[in-house]
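**Student:** Sequence:
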Amino acid sequence: MNPCAPRAGGDMIGFGGLRVGLGAGRGLGIGLVLGAAGGVALARRRGSRRRMPAAAQWQERLALERGDMAAALLLRRVEERYRELHASRPALPRRALAMHLELNLLPGLAMYQVLREDGLAPGEARDEVTRLLAHARVGSLRAPLLGRPGPGAFTIFRWATRVVMRTVYPVEGWSVEWVEDSPRRIAFNLHSCFYVDVLRDYGAPELTPAFCALDDAIYEGLPYVRWERTQTIGSGAPYCDFAWSNPAAAGGRGGDAHA
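Note that my numbering has the sequence shown beginning at 1, numbered continuously upward.
None of these hints come from the bench; they were simulated from the model. None of these values were measured; they are calculated from a predicted model. Positions of the beta carbon are idealized from the N, C-alpha and C atoms, including for glycine. You may find that some hints are simply not true.
[To be verified] Label-pair ranges, simulated between beta-carbon atoms:
1. G67 to G123: 20 to 30 Å
2. L64 to S235: 20 to 30 Å
3. A249 to R76: 44 to 54 Å
4. P122 to L64: 15 to 25 Å
5. R83 to D216: 22 to 32 Å
6. P122 to R89: 21 to 31 Å
Can you build the whole structure from these sequences, using the hints too?
**Tutor:** Here's what the structure looks like:
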């Protein structure tokens with residue numbers, strides 16, 4: 001969200017680390033922007049400790065499925081793999097890219113690799129990672145988007161999306177073509193994606209849909225926006241068609257395109 005700006009200017013997807021509630025609408029924009037900045041700061045702090053994000057939430061979920069002892073043993077191996085991946089991670093040109101790598105990609109990849117070593121088929125391991133990512137992330141990402149929206153909620157959502165795309169999804173990681181930015185709809189096409197590129201480099205492109213699924217879990221069913229993405233690069237499409245329309249606007253489409 002799940003995951004941008006034009007290639008000439010500048011994720012997701014879910015807007016990492018959101019913390020401020022929606023309230024009457026204003027909190028949505030504040031939450032998205034502060035969450036973006038907070039996510040980058042959190043990546044910096046975690047990077048110095050080399051601890052795996054979401055480990056506690058994952059152990060909680062795994063304990064329900066496997067029991068406390070098996071969950072603890074699995075998490076110990078996954079955290080060790082995360083530390084290995086973190087130690088050999090590539091140098092990145094932007095701090096925002098490090099946030100995505102260290103908070104999202106490397107934990108998911110570490111879990112996926114360990115599950116595959118334990119004999120799970122690629123699809124089974126990916127599905128488990130999808131469930132764990134959702135357990136750890138969707139609640140905190142979606143909570144600020146809920147609540148009683150004010151009459152200008154979609155306008156604030158548009159503004160916040162532009163800010164987050166510019167700051168959290170830089171052009172070094174995403175190639176974005178803006179399609180529309182109007183009171184009726186905000187839409188852009190992703191022609192390249194940092195998540196796709198990183199997972200391909202690590203030999204696990206099949207894991208990408210686990211991260212794409214976070215977008216669906218976060219945005220579906222919100223009262224003031226209609227989530228309209230139909231395809232993703234991670235699922236084999238040539239581009240991702242991110243789009244949110246305003247249910248309060250007649251037809252949900254139209255208006256002036258983003259210049």
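**Student:** Broken hints, numbered, in rising order?
**Tutor:** none
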